[in-house]
Amino acid sequence: MADPTHHFQARPSALRRSESAIFWLFRGATYLVLLCGAVVFLNIFIKGLSTVFQTKAPFVNTTFLTEAPESLYVFEWQGKKMEMGDKEFRVFKERNPAAANVKSESYVYCAGGIFPCIVGTVLLVIGSMTIALTLGVCAAVYLNEYARDGTFIRFVRLAILNLAGVPSIVFGLFGYGMFVIFFGWNTSLLAGWFTLAFMVLPVVITASEESLKAVPKGFREGSLALGATKWQTIRKNVLPYALPGILTSSILGIARVAGETAPIMFTAASVLRTQLPWQGLTRWTDFFFQGVMALPYHIYVVSAKIPQNEYTERVQYGTAFVFLFIVALTAAASIVLRTRLRNRYKW
Amino acid sequence: MESTAPAPAITLRPLSAPAAIPAAPGSAVAPAGETLIDIDHVDFFYGAVQALHDISLHIEHKKVTAFIGPSGCGKSTLLRCFNRMNDLIDGTRVASGTIKIRGIDIHRPDVDVIELRKRVGMVFQKSNPFPKSIYENITYGLKLQGVNNAARLDEVVEKSLRGAALWNEVKDRLHTSGLGLSGGQQQRLCIARAIAVEPEIILMDEPCSALDPVATAKVEELIQSLRERYTIVIVTHNMQQAARCSDSTAFFYMGKLIEYAPTRDIFMNPASPQTEAYVSGRFG
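Residue numbers (this note's numbering), protein chains in the order written: chain B, 2 to 348; chain A, 51 to 334.
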């Protein structure tokens, strides 16, 4: 500091000013993204919290998590404002005959819970991911291990990439035309499975191919040089190492499958089902040919298909909360699985 | 290009290796012993690019044959023909000529590549132990053949690891990952894995190029002990290595076989001026 005019003396210049402006631009953009995310999550979290949790023991609103949706009745009784679900209200009227003709307002789907939606979403995810992973891994193995690069394979890759860009509503229409109408499956679990599976297939194939590519060539050569067939090599010395990566990709797939409304709107989702999917089946095959309730579709129904009021908001945010929780849970489970597998096969 | 510094040869020569230049006993002018691999006028192409031009040579039974030459001279390509590893690369073909092992043309349509590769083992330039335990690495080839008897597998693991001079170093951690070994140990593990399936021929594609001098010395020592039971073909950049380990040496340049002779002659008395220039370090 003794000599203020040394060679490296900092001087204010346009370059230095723009440097700090650009730094703040990038930093600001990052913070803005963070803020948006935080607002969305906190909003759902805070509003959903009051639906899913309660102050009395057992602190979790078990009705909301284990019952089917029903109508909410709001009425005045002996000077107090009462809120009751359909079933509860009927019992109440039997006990209090004077209440039989009480004037009540009813709000559909605003009482009870969302258990059938949780079940439906879980079933849709399991089925469609099974189909998508089976088909997708097979296709990826073929493209990466067997197929010789040529015009046809390049065309297939291009088609897969394009498929990833198709809007989900188009998949919904495709599923409706193909599975619901043409195959005559009606609005069913099966139709929903295939529609959702086709939707995530490009993600699964692309990511599986990436993980197969990440397996060093030396493992394949080493195995083949020991007299392994191609399939033995793939099964014992390529696929096990690619599996963690494939599972990572399926995490993304699960989130998409669970979250999309459009593809199941015409193919699998029912507005209301009074019975759970395994109840009241005459034949076991009926299981696959029934519509199910699903979380995203339920959010859509309670947000757009019924008159809005203070009671619907509770269901909307409660459902969204449970929905996000389930997706986070599946993602966490897949990450744990992936870490375990990765620790087993490290190179 | 490759370094050809001759100095380390003296300091690194392993104790059990034969003296570099006087070469192995019994190797007269090649081909003299029993021919195991018979390469006859082979032309080889990568797509439209010819990588090997009219190669003919005989590789003798239970001898160590070294292929030397500058990068891109075709020595690895030829080596990978012997177990048809080149089949894995699209667009490769042996356009003319034959490669016979024990008199059988290995490119005949009725040849089972799987069977061929069991008989002709390979050790790669970059050591490639599988990300499995040492034990599973060794038993990999046998399990492919349906050997599941635990006692038999144990026996083969010990025999192969002893054969690869690795047993004493790893016997207490057979069930830990093969990737936890040092570079030289990994390469010896790969050799053990190759001999576990009892091949007749072992192909080594620059097995020491990624190893330090001490690990290299150990692998070379191992090659000396393996020569009694196996026919070994080794591709190397390191001419001292060829001089130390091999009985016969073939010098390749630009896809052509320039000279093939007992190692002693190649290094002491090369017939071709190109060989002389290469082994004396004037090019390459």
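Derived by calculation from the structure, the hints in this document are not laboratory data.
Just so it is clear, CB atoms sit at the ideal spot from N, CA and C, and this is done for glycine as well.
Hints are not guaranteed to be accurate.
[Claimed, not checked] Restricting the straight-line Cα-Cα distance to at most 25 Å, the calculated cross-link-like pairs of lysine-lysine (DSS-like) are:
| hint | chain 1 | residue 1 | chain 2 | residue 2 |
| --- | --- | --- | --- | --- |
| 1 | A | Lys193 | B | Lys231 |
| 2 | B | Lys237 | A | Lys306 |
| 3 | B | Lys218 | A | Lys193 |
[Said to hold, decoys possible] Chain A stretches covered by chain B per the calculated footprint, using a threshold of three residues with CB under 8 Å from any CB of chain B:
| hint | stretch |
| --- | --- |
| 4 | 128-139 |
| 5 | 202-211 |
| 6 | 237-247 |
| 7 | 258-271 |
Earlier hints that do not hold, by number: 2, 5, 7
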